[in-house]
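Chain order of the listed sequences is A and B. For the first sequence, the tail end lands on 239 under my numbering, and the numbers increase by one without skipping. For the second sequence, the tail end lands on 318 under my numbering, and the numbers increase by one without skipping.
None of these hints come from the bench; they were simulated from the model. Among the clues, some could well be false.
Unchecked claim - Keeping only pairs whose Cα atoms sit at most 30 Å apart, straight-line, the calculated BS3-like set for lysine-lysine is:
| hint | chain 1 | residue 1 | chain 2 | residue 2 |
| --- | --- | --- | --- | --- |
| 1 | A | K91 | B | K5 |
| 2 | A | K91 | A | K74 |
| 3 | A | K88 | B | K170 |
| 4 | A | K130 | A | K170 |
| 5 | B | K172 | A | K112 |
| 6 | A | K135 | B | K170 |
| 7 | B | K2 | A | K128 |
| 8 | B | K5 | A | K112 |
What the hints assert, rightly or not - In silico negatives: residues of chain B with every beta carbon more than 12 Å from chain A:
| hint | residue |
| --- | --- |
| 9 | N3 |
| 10 | A16 |
| 11 | G78 |
| 12 | I95 |
| 13 | P109 |
| 14 | T132 |
| 15 | K147 |
| 16 | G163 |
| 17 | Y219 |
| 18 | L259 |
| 19 | L277 |
Using N, Cα and C, we set each Cβ at its ideal position, and we do this for glycine too.
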Amino acid sequence: MSLLEARDITKKFGGLAAVSNLSFSVEKGEILGVIGPNGSGKTTVFNCISRFFPLTSGELYFKDKRIDELPAHKICEIGIGRTFQVVKPLKRMSVEENVMAGAFLRTSSMHKARQKASEIIDFCGLEKYKYREAKSLPIPLRKRLEIARSLATEPELLLLDETCAGLNPKESEAAIALIRKIRDAGMTIIIVEHIMKVMMGISDRILAINFGSKIALGSPQEVASQPEVIKAYLGDAYA
Amino acid sequence: MKNVKLLLKLLVLVIAVILPLLIKAPYQLHIIILIFIWAIIGTSWNLLGGYTGQVSFGHAAFFGVGAYAAGLLQFHLGVSPWWGMLLGPIIAVVISLPIGMIAFRLRGPYFALAMLALGEIFRLLFINLPFTNGAKGILIMPDITSKMFYYYVGLAALALTLGVSYLIVKSKIGYYLVSIREDQDAATSLGIPTTLYKNLALIPSAFFTGLAGALYMNYVAFIDPNIVFNLTNISVMAIMVVMLGGVATTWGPTVGAALYIILGEVFRTTLGSANVLVFGVLVCVIILFLPNGIVGELDILRGFMTRKKEGATGGVKA
Chain A
1 MSLLEARDIT
11 KKFGGLAAVS
21 NLSFSVEKGE
31 ILGVIGPNGS
41 GKTTVFNCIS
51 RFFPLTSGEL
61 YFKDKRIDEL
71 PAHKICEIGI
81 GRTFQVVKPL
91 KRMSVEENVM
101 AGAFLRTSSM
111 HKARQKASEI
121 IDFCGLEKYK
131 YREAKSLPIP
141 LRKRLEIARS
151 LATEPELLLL
161 DETCAGLNPK
171 ESEAAIALIR
181 KIRDAGMTII
191 IVEHIMKVMM
201 GISDRILAIN
211 FGSKIALGSP
221 QEVASQPEVI
231 KAYLGDAYA
Chain B
1 MKNVKLLLKL
11 LVLVIAVILP
21 LLIKAPYQLH
31 IIILIFIWAI
41 IGTSWNLLGG
51 YTGQVSFGHA
61 AFFGVGAYAA
71 GLLQFHLGVS
81 PWWGMLLGPI
91 IAVVISLPIG
101 MIAFRLRGPY
111 FALAMLALGE
121 IFRLLFINLP
131 FTNGAKGILI
141 MPDITSKMFY
151 YYVGLAALAL
161 TLGVSYLIVK
171 SKIGYYLVSI
181 REDQDAATSL
191 GIPTTLYKNL
201 ALIPSAFFTG
211 LAGALYMNYV
221 AFIDPNIVFN
231 LTNISVMAIM
241 VVMLGGVATT
251 WGPTVGAALY
261 IILGEVFRTT
271 LGSANVLVFG
281 VLVCVIILFL
291 PNGIVGELDI
301 LRGFMTRKKE
311 GATGGVKA
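Sequences are here, hints too, so could you generate the full structure?
Encoded structure:
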């Protein structure tokens, strides 16, 4: 049984199919990387899974239960957390309060939420910034906060949207270390990223898409050697 | 620190309780009662507009319905308008449900416009419906004329409003409301049913605004639709009171109401017909230079001071 299964999902914006007939599955405990050139539909796939966009057609199953008809806020409740490519910190709340807002999904007690938040803040290495307002954080920490906040909702499947975008090499190394740590804690991850070095190193399997369709799916080495993928990234001359 | 705060609150309460024993002049008491009513409206508005970020330009609808519930009870059935203090808030909640259903489909300025329109619809309805006595309004003969009595009723109502608002804000609901204000999409991604929680902010907000309306009816004893459903004098004034005192702060609306009413009276008595002009300029100055309101700016200042004490690590508390 796959943790998440997408069957022929399609999302059209007017006449443009941002995602068309895409099928893939995610197994428990793995990291699935999603790659593709700009505008190939990676974030749209995320938005479809997290129900921010309704599907035009196709079906999504999480633990064999159909989820493409649930309201967006239920997605988090059943165990799918997400981060945003353009980070959305709760600006005028402190780091602790941000994470607590996530923790309240599983508890109503103030004390428990605070305890949970504090554990996760330590886990993500944000303890120095616990009482800072989120709007005062620099981008690398905001990205970290996004992850911490969705971890607080205790997801089984975490969707990470360009966690390393805009970070310098040192900062992205730290981000990758955190992602590995999350995987080792037993979470399944789907990750979208542009930096190939990151993706090749971290993913168990890679899904390559272009113009919303699957062009390759397999281990990083397999995908990297596929002529279709090389064509999408470098042009016909290199395939 | 916590004890000091509690003592301070007790002190404020004690002063508030013995104040009418010291001030016997009806005029001063009248001003304080008005402050109580406006503090209740402001605190209620703050729940929805300040904490949840859903800026309502239509709170006059709840105020007016609360006032009319008390007035019509006396007018048609001869029941004491004091029952309106119970019925008014309930009816305000009842009308808030469809209002929420309509307006919460919209975000930001569109929500504000929808609320403005809904508030105006209620004003027109109460002018034209057959059972409301139309634009003639409702006049009741109050049994109690002692200002001191209304003072204590107002104080109790304000204390209740502040208490409930405080409990909501300091609970899980409060965290969810602020999350919705800061980023609705992020809130949804954290599993927060945003429409449900907006309604959870609207209901107490409507309830206590309705309570203020019913109290107003009992105290002033005359209402008509153009007074209690007034856009500028009720809906916008509710926003002003909160802006002045401090958006999303516990005491902000109360401080704002006090300043607003007192300054309004001072200007009216000293500046003659220029009072509205000076008042308007003052409001502009405050909004320009104290955008967080008086209590809000004080909070920021206090946060700044504690951070300074704790070093440059960004306010890491022990």
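Results of checking the hints against the structure:
| no. | hint | in the structure |
| --- | --- | --- |
| 1 | A:K91 to B:K5 | holds, 27 Å |
| 2 | A:K91 to A:K74 | holds, 24 Å |
| 3 | A:K88 to B:K170 | holds, 23 Å |
| 4 | A:K130 to A:K170 | holds, 22 Å |
| 5 | B:K172 to A:K112 | holds, 11 Å |
| 6 | A:K135 to B:K170 | holds, 21 Å |
| 7 | B:K2 to A:K128 | holds, 25 Å |
| 8 | B:K5 to A:K112 | holds, 25 Å |
| 9 | N3 | holds, 20 Å |
| 10 | A16 | holds, 29 Å |
| 11 | G78 | holds, 46 Å |
| 12 | I95 | holds, 26 Å |
| 13 | P109 | holds, 19 Å |
| 14 | T132 | holds, 40 Å |
| 15 | K147 | holds, 41 Å |
| 16 | G163 | holds, 17 Å |
| 17 | Y219 | holds, 37 Å |
| 18 | L259 | holds, 24 Å |
| 19 | L277 | holds, 34 Å |
Checked against the numbered hints above, the structure violates none of them.
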